[in-house]
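Below, each chain spelled out in residue letters.
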Amino acid sequence: MARIIPDVTDDTIQDRVLKVIATTKRIPLEDVRPDSSFESLEIDSLDRLNILFGLESEFDIEINDEDAKHIENIPQMIEGITQLVQANPKTPSSSGE
Amino acid sequence: MHRVVVTGTGVLSALGNNTSSFWQSLAAGTSGIREIVGVDIAQIRFKNGAQVLSYVPEEHFAAKDIDVMDRFAQFAVLAAREAIAEAGIEWTPELRETAAVVTGSCLGGRGAEEAGYWELFHNNKSRVHPYTIPLGMSNAGTSHISMQFGIEGPSYNVSTACASSAHAIGQAFWMVRSGTAPMAIAGGSEAPFFLGGLKAWEAMRVVSKDTCRPFSAERSGLVLGEGAAMLVLETLEAALARGARPLAEIVGFGMSADAAHITQPVTKGPVRAMRMALRDAWLAPEQIGYINAHGTATEANDRIETSAIRDTFGAHADHLSVSSTKSMHGHALGAAGAFEAVASILSLRHGILPPTANFLTADPACDLDIIPNQARTAAVEACLSNSFAFGGLNAVLAFKSLP
Chain A
1 MARIIPDVTD DTIQDRVLKV IATTKRIPLE DVRPDSSFES LEIDSLDRLN
51 ILFGLESEFD IEINDEDAKH IENIPQMIEG ITQLVQANPK TPSSSGE
Chain B
1 MHRVVVTGTG VLSALGNNTS SFWQSLAAGT SGIREIVGVD IAQIRFKNGA
51 QVLSYVPEEH FAAKDIDVMD RFAQFAVLAA REAIAEAGIE WTPELRETAA
101 VVTGSCLGGR GAEEAGYWEL FHNNKSRVHP YTIPLGMSNA GTSHISMQFG
151 IEGPSYNVST ACASSAHAIG QAFWMVRSGT APMAIAGGSE APFFLGGLKA
201 WEAMRVVSKD TCRPFSAERS GLVLGEGAAM LVLETLEAAL ARGARPLAEI
251 VGFGMSADAA HITQPVTKGP VRAMRMALRD AWLAPEQIGY INAHGTATEA
301 NDRIETSAIR DTFGAHADHL SVSSTKSMHG HALGAAGAFE AVASILSLRH
351 GILPPTANFL TADPACDLDI IPNQARTAAV EACLSNSFAF GGLNAVLAFK
401 SLP
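Protein chains in written order, with this note's numbering: chain A, 1 to 97; chain B, 1 to 403.
In isolation and in its complexed conformation, chain B is listed as follows (with noise of 0.2 Å):
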């Protein structure tokens, strides 16, 4: 068993187009989301999310590449670029031929698809681009990384909904401490605002038409997010035998299912999730200082996380920071567990925890400390990563500070 670090992340989100004003915006609390461009809001019930903006694919890939390259494949290279080069990767023959690529999205190029689509029932045509198959496959990003770098070790994409890129970098970090891969490039990568998902999100009643306020009593539901977060994680004697800057260590990944209900989310399953997590970091509870909530900011999510954290940490639930960092970037659904976990792991290095932005007033249902719209300096030993699905399934990773 090998202990894993991460020596590298790469964002773009609507907080930026880099890892440096991810954090930035996060330590301000300074919130992406805005009224929605490119896709016709008059058509829609709800005006915001968190965009990627001044985004140019030309500035970063040929016109070839772009032809067969979803928005979400651009996204999920460019941050896997940032965090390779972060990382300073040497790549070696072996290296490339052992190393792994993890990634999770829910949609993959839906967008794409439904571009595709589009000829099809609405004008009339009898046929379909014949990229529309890789440029909607939801493993895309994954298999693009992969080429980009000539990576050629276990590669996959793990769609879990709003879990998934936490089911990846879990899965990819126990690959790593398992000795089954030497080195993991791990995160997600989404892209949902096109106009058929859209209508889609805006059909579940879930989002809301005012702004993201994850645990406030004026909560009104998720706001959309897009993006990309990626990490690099290897094994903590290999960064330093080469001399890398290891950011925070990775120490522990817990899963579970709730087995009860396709949407309505219960206690039990996330409760589990967390406890396997602390478990498997060899974790007790009060080593924990803050965690980066899956805080969605719907009426359910919140509350029921909330009881779950007090179920899990007992006591100790009153002298933990927890905040919603989504009320910054948005829910960007399969990219959202990376996105959280560059939070995390910039919380451990930096000892700055990002606050739950747009906060008003508390919520009795919701009665944890939040860390309401202004960050908080603290040098917090660990911190968990909560990621709760659609579909009860619970995902949950544990990082650990290094001196």
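So here's chain A without its partners, still in its complex pose (with noise of 0.2 Å):
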């Protein structure tokens, strides 16, 4: 929180997912939580097709569609970016480097 550069892009990824799941679904930030199911976010299967639309928008990446089939849950999502995200060089990272 008492970051010394108080940018957007400060936030990590994990952050920006939670941002992106709350808002294409239109939900309170404070109730999407990395341990909460789609299922208790009543994700449907177009509400994914948008998140995913939202994350690839994000984060400036590509998601395919078998890769993005398999993801069950947030953490899942997470580390799906994450590795996306590292893997491409033209996105800036989180840190704001």
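A couple of the hints might just be wrong.
[Unchecked claim] Computed, partial: chain B to chain A, Cβ under 7 Å: (1) 205; (2) 263; (3) 264.
[As the list claims (entries may be wrong)] Derived SDA-like pairs (lysine to any residue); straight-line CA-CA distance at most 20 Å: (4) B:209 with A:64; (5) A:69 with B:218; (6) B:209 with B:195; (7) B:199 with A:65.
Derived by calculation from the structure, the hints in this document are not laboratory data. Where a beta carbon is used, it is the ideal one built from N, C-alpha and C, also for glycine.
Once you've looked at the hints, go ahead and assemble the two chains, each given alone in its own frame, into the complex.
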């Protein structure tokens, strides 16, 4: 919390993923926790597409259909995004370096 | 109430530019799915489609007509030409004034619309071409068929996504059965291969990067198709009186809405549509020997459709042959129901049931006899053709073989 540079890019990947979920699902950010299940957030197949779309824009990455199908919870989603972000040199990292 | 028969069919698809090549490919189990041409596939995450190949508009239309006809409308007219020629219709002023044209198209001329808007959004032009509206409107296919043949009766287009042309054929059937129109040209047409449309399908994450493998454990989504199919529907007595050769009888139509989810299918709606088609046809479930399935090869559709067929037919489901010809002609959206109606009619006519092509291994969730890879010789009394649209709108047609 007490970071020196109060930049939006200061958010961790986890924060940004949770924000994308909250924004696309139009629910309060505090309702989306890393241990929330998709079911408890009432995320259906169309919501999933919308979230994937939001994540691709947020992180400037491409998430392939097969990988997306195997995501069952938010930690897996964060892990997958982290891998894609690290593999993608054009994406600015969250530390704002 | 009249008995209604099909006396002509016309098909333009990835399987060739007429009904006969369409049927030969279906009976041989040959798929028309290939790498997409005409659109830069480097920009898309899938690469295969079922496109109409070696199509040259100038061979079929005058240049001034091509100017005002999107590809989908050209396909519609060509399929109607073939169907009308096969039926051997002799036009009289009275027939022209009363015959109906009912078509289905999901996207209409949205490809032309995209080209028109490209100038506006991309090239910073302030004008859009004046033909953008007549090219883009979804009823253009209907209108061009009407104008080409001078048909002046009830004419309209139905747009219910992947069920469009099944709804169109069903409504045309009811019009002829009730005497509202003595004859109808009915079917569907689609031309979805343009960048914006393909990108939109890409975002739905339902298009296969492989090929279309309905009911297979390895299925990975649909493959888009294009083209048109049209039928000539008329009363049995009129057909016999003029010495026409009916191909099959159309006997039932059922429709329903899931009222559930905009994209996710459920079992209840399809079951009700199949039951209504059977009731409308006065057919017992046991009289059905074949179902041309909606069978898109998406994970959800094939599982839900299997369970809907089991709910509808009970123990008889194990005696049914079911196949998805989308494995060969692709998913032509608004034209799909019309392709599959023609496939159903010709299955009855020839006593050959087309296979589900590209099948690899069975999925326990799709445990029907899906005619894997090889057509089957079987004289079937009656069959159903299922079409279930995004948005939960379902249409089922029933056909019966004629001696």
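We went through each hint and held it up to the structure:
At about 5 Å, the closest approach between the beta carbon of residue 205 (chain B) and any beta carbon in chain A falls short of 7 Å, and the interface hint on this residue holds. A cut of 7 Å between beta carbons decides the hint on residue 263 (chain B): the least distance to chain A is about 5 Å, and the hint holds. For residue 264 (chain B), the suggested interface contact is upheld, since its CB lies about 5 Å from the closest CB of chain A, less than 7 Å. A C-alpha spacing of about 10 Å is found between residue 209 (chain B) and residue 64 (chain A), which places the hinted pair at or below 20 Å, so the restraint holds.
Taken as a hint, the residue 69 (chain A) and residue 218 (chain B) pair is honoured in the structure, with Cα atoms around 14 Å apart against an allowance of 20 Å. Between the alpha carbons of residue 209 (chain B) and residue 195 (chain B) the distance comes to roughly 16 Å, so the proposed pair stays at or under 20 Å and holds. Taken as a hint, the residue 199 (chain B) and residue 65 (chain A) pair is honoured in the structure, with Cα atoms around 14 Å apart against an allowance of 20 Å.
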